[in-house]
Amino acid sequence: MDFRVDMFVRQRWTESRLDMPDDIFEDGDDYVTLPPEFFDNLWQPDPYILNSKVSEIAVLTHKFSSVTLYRNKTVRYAARMHAILACQMEFQLYPMDIQSCPMFIESFSYNNQKLRLRWAEDGVKLNPELKLLQYNVGQPLELMETTGYMVEREANFSRLVMYFRFERQIGHHLIQTFAPSILVVMLSWFSFWIGLDAIPGRVTLLVTSMLTLVTMFTGLKSDIPPVAYVKALDLWMAGCMVFVFAALGEFAVVKVLDVRYQLQKNARVASVPRILPTVNTV
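So in this note's numbering the end of the sequence shown lands on 285, straight run, no missing numbers.
These are computed hints drawn from the structure, not numbers from a lab.
Heads up, a few of these hints could be off.
No farther apart than 27 Å at their CA atoms in a straight line, the calculated lysine-lysine pairs in the DSSO-like style are these [stated by the list, open to error]: (1) Lys-128 / Lys-56; (2) Lys-117 / Lys-76; (3) Lys-268 / Lys-258; (4) Lys-56 / Lys-134; (5) Lys-134 / Lys-258; (6) Lys-66 / Lys-56; (7) Lys-76 / Lys-66; (8) Lys-224 / Lys-234; (9) Lys-234 / Lys-134; (10) Lys-66 / Lys-128.
Please build the complete structure, drawing on both the sequences and the hints.
Written out as structure tokens, the structure reads:
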């Protein structure tokens, strides 16, 4: 599974080798903003998103990026990026699942002896107006600074980790799945108040309830993630079907017992000798 992230990325580092003339700064300003092309003339850290499938800088008429130089030789590079990140999601608790998806940022060329990546003091800020169709994004985001060993490069690399917490919105499933299935099961229980002689009515009610659940479950498959293991929703629907089937089985058992009881009752009545009254005539 994957998800898309639109983000503003800001990198800041100090480049002591810069030789900057003072006339590039306007009076009273401690920084100057340069065109993005100037970035190619600087030494650059090379962080990349380790678990991204696609990542690129946003472009309209030009790349959305900027370079800022400060008097103390600090360089700040900012860019707007799009990235599609891979995430190992687990759906055993669907639709009450909570997904924790990481984003790993790591240097490609410089090991942790040459380059250390650190989060800024303000870390990551999430857009407060962000709304997703099926999930709520948990806040605050979990940030970590670790070191990862890369086998193919035989070295440890500084790594930044950010975890996105996606909590599925369950309101839709309450209205579309849980409430209707509960009502269907309760409807099947009305058969307990129907007389044993009303066989067509009882069977029709129970079979219709079972077919309704099967049709409902079939329609839900389009919304269920295509995974091979059993999910919580599967167990819920299976449990509802078991309740309806148990009601149908209860009717069959009670009907058989009633037939046997009637046969035994008729047999006892037939075995009782009939005593004819005698009439004395004078």
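Status of the hints after comparison with the structure:
1. Lys-128 / Lys-56: Since the Cα atoms of Lys-128 and Lys-56 sit roughly 23 Å apart, the hinted pair holds (cutoff 27 Å).
2. Lys-117 / Lys-76: holds, 19 Å
3. Lys-268 / Lys-258: Between Lys-268 and Lys-258 the Cα gap is close to 15 Å, so the pair holds against 27 Å.
4. Lys-56 / Lys-134: holds, 23 Å
5. Lys-134 / Lys-258: Given pair Lys-134, Lys-258 is violated - Cα atoms ~56 Å apart, limit 27 Å.
6. Lys-66 / Lys-56: The hint holds at about 20 Å.
7. Lys-76 / Lys-66: Holds, because 24 Å separates the two Cα atoms, which is no more than 27 Å.
8. Lys-224 / Lys-234: The given pair, whose Cα atoms are some 12 Å apart, holds under the 27 Å limit.
9. Lys-234 / Lys-134: holds, 26 Å
10. Lys-66 / Lys-128: Holds: Lys-66 and Lys-128 sit about 22 Å apart, inside 27 Å.
Consistency note: the structure conflicts with earlier hint 5 alone.
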